[in-house]
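Protein chains: 2
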Amino acid sequence: MSTEIPYKIYLEESEMPKQWYNVRADMKKKPAPLLNPATKQPVTSEELEAVFCKELVKQELDDTTPYIDIPQEILNFYRMYRPSPLVRAYCLEKKLGTPAKIYYKFEGNNTSGSHKLNSAIAQAYYAKQQGLKGVTTETGAGQWGTALSMACAYLDLDCQVYMVKVSYEQKPFRREVMRTYGANVTPSPSTKTAVGRKILEEFPNTNGSLGCAISEAVEAATTQEGYRYVLGSVLSQVLLHQSVIGLETKIAMDKYDIHPDIIIGCAGGGSNLGGLISPFMGEKLRGEADYRFIAVEPASCPSFTRGVYAYDFCDTGKVCPLQKMYTLGSGFMPAPNHAGGLRYHGMSATLSELYDQGLMEAVSVEQTSVFAAAEQFARVEGILPAPESSHAIKVAIDEALRCKETGEEKTILFGLTGTGYFDMYAYEKFNDGKMSDYIPTDEELQKSIETLPKV
Amino acid sequence: MSTEIPYKIYLEESEMPKQWYNVRADMKKKPAPLLNPATKQPVTSEELEAVFCKELVKQELDDTTPYIDIPQEILNFYRMYRPSPLVRAYCLEKKLGTPAKIYYKFEGNNTSGSHKLNSAIAQAYYAKQQGLKGVTTETGAGQWGTALSMACAYLDLDCQVYMVKVSYEQKPFRREVMRTYGANVTPSPSTKTAVGRKILEEFPNTNGSLGCAISEAVEAATTQEGYRYVLGSVLSQVLLHQSVIGLETKIAMDKYDIHPDIIIGCAGGGSNLGGLISPFMGEKLRGEADYRFIAVEPASCPSFTRGVYAYDFCDTGKVCPLQKMYTLGSGFMPAPNHAGGLRYHGMSATLSELYDQGLMEAVSVEQTSVFAAAEQFARVEGILPAPESSHAIKVAIDEALRCKETGEEKTILFGLTGTGYFDMYAYEKFNDGKMSDYIPTDEELQKSIETLPKV
Chain A
11 MSTEIPYKIY LEESEMPKQW YNVRADMKKK PAPLLNPATK QPVTSEELEA
61 VFCKELVKQE LDDTTPYIDI PQEILNFYRM YRPSPLVRAY CLEKKLGTPA
111 KIYYKFEGNN TSGSHKLNSA IAQAYYAKQQ GLKGVTTETG AGQWGTALSM
161 ACAYLDLDCQ VYMVKVSYEQ KPFRREVMRT YGANVTPSPS TKTAVGRKIL
211 EEFPNTNGSL GCAISEAVEA ATTQEGYRYV LGSVLSQVLL HQSVIGLETK
261 IAMDKYDIHP DIIIGCAGGG SNLGGLISPF MGEKLRGEAD YRFIAVEPAS
311 CPSFTRGVYA YDFCDTGKVC PLQKMYTLGS GFMPAPNHAG GLRYHGMSAT
361 LSELYDQGLM EAVSVEQTSV FAAAEQFARV EGILPAPESS HAIKVAIDEA
411 LRCKETGEEK TILFGLTGTG YFDMYAYEKF NDGKMSDYIP TDEELQKSIE
461 TLPKV
Chain B
11 MSTEIPYKIY LEESEMPKQW YNVRADMKKK PAPLLNPATK QPVTSEELEA
61 VFCKELVKQE LDDTTPYIDI PQEILNFYRM YRPSPLVRAY CLEKKLGTPA
111 KIYYKFEGNN TSGSHKLNSA IAQAYYAKQQ GLKGVTTETG AGQWGTALSM
161 ACAYLDLDCQ VYMVKVSYEQ KPFRREVMRT YGANVTPSPS TKTAVGRKIL
211 EEFPNTNGSL GCAISEAVEA ATTQEGYRYV LGSVLSQVLL HQSVIGLETK
261 IAMDKYDIHP DIIIGCAGGG SNLGGLISPF MGEKLRGEAD YRFIAVEPAS
311 CPSFTRGVYA YDFCDTGKVC PLQKMYTLGS GFMPAPNHAG GLRYHGMSAT
361 LSELYDQGLM EAVSVEQTSV FAAAEQFARV EGILPAPESS HAIKVAIDEA
411 LRCKETGEEK TILFGLTGTG YFDMYAYEKF NDGKMSDYIP TDEELQKSIE
461 TLPKV
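Here the protein sequences come in this chain order: A and B.
When you number the first sequence by this note's numbering, it's gap-free, plus one each residue, and the end is 465.
When you number the second sequence by this note's numbering, it's gap-free, plus one each residue, and the end is 465.
There may be inaccurate statements among the hints.
What the hints assert, rightly or not - Here are the computed lysine-lysine pairs in the DSBU-like style, where the Cα-Cα straight-line distance is at most 30 Å:
#	chain 1	residue 1	chain 2	residue 2
1	A	K138	B	K64
2	A	K444	A	K39
3	A	K444	B	K202
4	A	K202	B	K439
5	A	K208	A	K328
6	B	K138	A	K265
7	B	K50	A	K104
8	B	K39	A	K28
9	A	K439	B	K39
10	A	K28	A	K38
11	A	K105	A	K328
12	B	K414	A	K138
13	A	K439	B	K18
14	A	K28	B	K104
15	A	K64	B	K105
16	A	K105	B	K105
17	B	K50	B	K64
18	B	K457	B	K265
19	A	K143	B	K138
20	B	K265	A	K18
21	B	K143	A	K104
22	A	K105	B	K202
23	A	K18	B	K138
24	A	K28	B	K50
25	B	K444	A	K175
26	B	K138	A	K105
27	B	K334	B	K39
28	A	K439	B	K175
29	B	K28	B	K50
30	A	K105	A	K464
31	B	K143	A	K143
32	B	K39	A	K444
In case anyone wonders, no lab produced these hints; they're calculated from the structure.
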């Protein structure tokens with residue numbers, strides 16, 4: 011066991027990044043513009059500013075500025091839970107008997123339990139700067155809602171969260187964390203919004219859906235004075251904020267002269283993967299270095315591996331702008347797998363374009379194999395991972411075992427986005443041998459892809 | 011806001027302590043010896059070795075060796091989740107408007123969610139070294155059981171946990187974390203042991219108790235070939251292992267030339283408080299420095315503040331040795347408050363002796379005020395604290411507000427032992443305004459103190 015590289019690399023505060031990195035600036039072919047769903051023309055700042063904060067709209071539309079200063083108040087907040095450790099998985103390597111060197115960037119050491127806090131504080135900060143009273147959002151599994159609640163509590167900003175009804179009822183702990191941070195949590199669909207009332211009238215027994223919760227949150231933002239809507243993934247602004255993950259990783263690796271051969275991340279909307287790979291992808295785009303990038307998605311929701319690259323709605327309610335992305339169709343209903351954060355029909359436009367250009371690979375994995383990898387990881391590395399993050403673990407282990415076969419001493423880096431402390435129902439199912447896999451049929455995918463809008 | 015002291019101080023791996031510190035070695039008047047409950051004579055190594063691992067018995071009885079080497083394999087495990095950060099609570103200070111400087115040593119950044127892992131790995135290691143097949147233990151709230159499960163998974167050691175039945179049923183998530191780490195978790199009382207069957211016969215509807223679970227775990231250890239019993243608090247060996255908390259804190263403070271005036275910790279069995287204060291208390295005992303130490307206990311279970319200093323049973327089942335300590339009587343049934351880790355009738359013998367010598371203070375606080383402090387802390391410092399840890403937060407805030415009145419710039423250090431992610435039922439009660447306080451009457455205490463054994 012090498013003693014040169016510590017188990018965990020923590021940057022000094024003085025070494026922490028002071029700017030976010032915007033990977034779009036280094037892309038020759040940029041992601042396609044967002045379109046107004048009514049006119050099919052590129053959306054304007056003015057249109058977006060009715061829904062989103064002004065400064066965030068600016069960041070969303072800026073595909074030329076490579077570095078953007080992180081405001082001091084956000085840096086202060088980051089210092090409460092960052093830098094996150096870059097961990098050398100010595101114990102996992104030993105257990106696998108692989109010559110590969112495995113590293114993971116662990117984003118779970120904060121109460122939201124995931125990387126979501128990196129963008130939550132940024133979005134809340136710009137809302138506060140704009141003089142707003144509060145923000146609205148939706149949450150499914152609850153990581154994003156929790157992160158936003160924490161950020162809003164810190165900034166004394168009102169936080170209204172529409173939580174998918176089935177999660178609200180089945181994940182009371184997440185709900186209570188949000189309430190402890192002062193958020194107003196409403197099960198969706200609710201009678202608070204016109205869209206919610208309409209859905210309840212049509213489907214009085216519905217469990218709710220992320221698409222419906224988004225529509226309610228957007229309505230709440232646009233009908234209340236002094237509110238805007240915020241979103242935890244997919245958008246380019248979110249990838250920008252999440253670049254702090256990759257920047258810290260790169261600084262830490264450069265410090266110890268570590269060059270990753272393979273960089274792996276789970277991909278739902280793409281915020282974590284995009285954030286982790288951004289600075290490395292920048293080097294690849296500028297021809298300074300080469301890396302293999304692997305996006306890992308659940309077999310039950312395979313946007314990259316079985317979707318199409320086309321304009322689609324970001325939300326089921328079809329109120330948000332159209333985005334060109336790898337998508338299964340906004341009507342796609344993913345099976346109720348346990349990685350709630352990866353159950354999204356679409357994908358970040360930036361990552362979609364990079365994937366389309368062949369700069370990144372993607373694989374899909376089944377959930378029982380993901381939980382087996384999660385358990386193996388937990389037992390030797392000590393951390394109980396989130397189901398989402400475990401998708402990356404599964405593929406990192408696969409790659410490390412491949413190195414064992416070939417004898418190659420590759421360096422593997424993956425993103426460990428969060429902890430699974432609020433996912434124990436899923437682990438219970440796995441421990442009891444009652445977890446099943448689900449892969450959509452070609453017919454099912456064809457049917458939902460047919461729902462794509464004509465552009 | 012000073013920029014000299016970082017938000018979080020992480021030691022380099024090379025700076026981490028390589029020895030534990032045994033505060034008993036510097037005490038002129040030592041803690042009283044453990045007694046055999048039958049003979050009332052000091053217990054011998056041989057007697058203890060029937061229940062506990064050999065090396066741990068040696069540590070338990072050693073009150074003269076000040077420093078004990080931490081074995082390399084334990085150091086390796088520590089490196090997976092240690093050093094824990096020493097955090098400067100800049101945001102809390104600002105919110106309170108206090109001139110006091112507040113620091114906390116945060117032990118919650120690991121999957122067990124608390125400091126318990128520090129001793130769990132040590133005890134599991136010595137069991138492995140002795141060639142044992144496994145260990146048995148009891149758990150109430152679940153932190154200790156989780157920590158031990160993690161340590162045993164790492165060392166490939168069988169782990170049998172007797173979990174108080176009411177917790178087993180009400181805290182299914184904790185149970186599943188333990189199962190994910192491969193532990194065998196049994197609701198107590200169970201039909202697996204003679205003592206369990208006897209209790210079930212007498213009280214078929216019992217919810218179980220910590221005392222009963224201890225008795226089952228001890229029976230399981232002594233009736234199975236190759237097993238020993240391990241305990242997560244109270245014992246001197248546990249304080250020894252937990253000294254890593256205080257040692258890291260002291261190294262970090264010395265590095266930045268910080269001198270704490272007041273050191274605060276919650277006290278149930280005393281493992282966290284003892285671990286945190288040990289090296290500082292050592293300086294005080296040797297006359298090298300002075301500090302105010304404050305033990306914080308729940309008003310519902312006030313061992314220090316309303317108990318007596320006497321020999322008592324450590325367990326309700328009365329199978330363990332007698333220990334001289336501050337106690338409410340082993341028959342004391344604490345009210346069902348939400349800080350499960352502090353619901354213990356007795357206290358560490360070492361801390362009891364230090365308190366009796368006037369070297370340490372103690373206060374008791376009511377749980378609604380504790381949760382109010384927890385919420386205030388969470389909203390500005392980002393971390394959702396465990397109910398146990400929040401007792402220390404409450405008193406740290408009280409002391410900081412006292413400084414605000416007097417204008418004194420005191421330096422306050424407290425132990426933040428863990429996170430409250432598995433305590434959201436309690437937070438829900440608090441959020442709903444349904445939490446109540448309970449303080450035992452003098453009559454109740456008198457009655458349970460009468461159950462003390464005659465020595």
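Hint by hint, here is what the structure shows:
no.: 1; hint: A/K138 x B/K64; verdict: violated (60 Å)
no.: 2; hint: A/K444 x A/K39; verdict: violated (46 Å)
no.: 3; hint: A/K444 x B/K202; verdict: holds (26 Å)
no.: 4; hint: A/K202 x B/K439; verdict: holds (25 Å)
no.: 5; hint: A/K208 x A/K328; verdict: holds (15 Å)
no.: 6; hint: B/K138 x A/K265; verdict: violated (37 Å)
no.: 7; hint: B/K50 x A/K104; verdict: violated (49 Å)
no.: 8; hint: B/K39 x A/K28; verdict: violated (54 Å)
no.: 9; hint: A/K439 x B/K39; verdict: violated (54 Å)
no.: 10; hint: A/K28 x A/K38; verdict: holds (25 Å)
no.: 11; hint: A/K105 x A/K328; verdict: violated (48 Å)
no.: 12; hint: B/K414 x A/K138; verdict: holds (29 Å)
no.: 13; hint: A/K439 x B/K18; verdict: violated (38 Å)
no.: 14; hint: A/K28 x B/K104; verdict: holds (23 Å)
no.: 15; hint: A/K64 x B/K105; verdict: holds (29 Å)
no.: 16; hint: A/K105 x B/K105; verdict: violated (47 Å)
no.: 17; hint: B/K50 x B/K64; verdict: holds (22 Å)
no.: 18; hint: B/K457 x B/K265; verdict: violated (50 Å)
no.: 19; hint: A/K143 x B/K138; verdict: violated (58 Å)
no.: 20; hint: B/K265 x A/K18; verdict: holds (20 Å)
no.: 21; hint: B/K143 x A/K104; verdict: holds (22 Å)
no.: 22; hint: A/K105 x B/K202; verdict: violated (34 Å)
no.: 23; hint: A/K18 x B/K138; verdict: holds (26 Å)
no.: 24; hint: A/K28 x B/K50; verdict: violated (65 Å)
no.: 25; hint: B/K444 x A/K175; verdict: holds (24 Å)
no.: 26; hint: B/K138 x A/K105; verdict: holds (18 Å)
no.: 27; hint: B/K334 x B/K39; verdict: holds (13 Å)
no.: 28; hint: A/K439 x B/K175; verdict: holds (21 Å)
no.: 29; hint: B/K28 x B/K50; verdict: violated (37 Å)
no.: 30; hint: A/K105 x A/K464; verdict: violated (52 Å)
no.: 31; hint: B/K143 x A/K143; verdict: violated (60 Å)
no.: 32; hint: B/K39 x A/K444; verdict: violated (58 Å)
Hints 1, 2, 6, 7, 8, 9, 11, 13, 16, 18, 19, 22, 24, 29, 30, 31 and 32, counting from the list given before, are not met by this structure.
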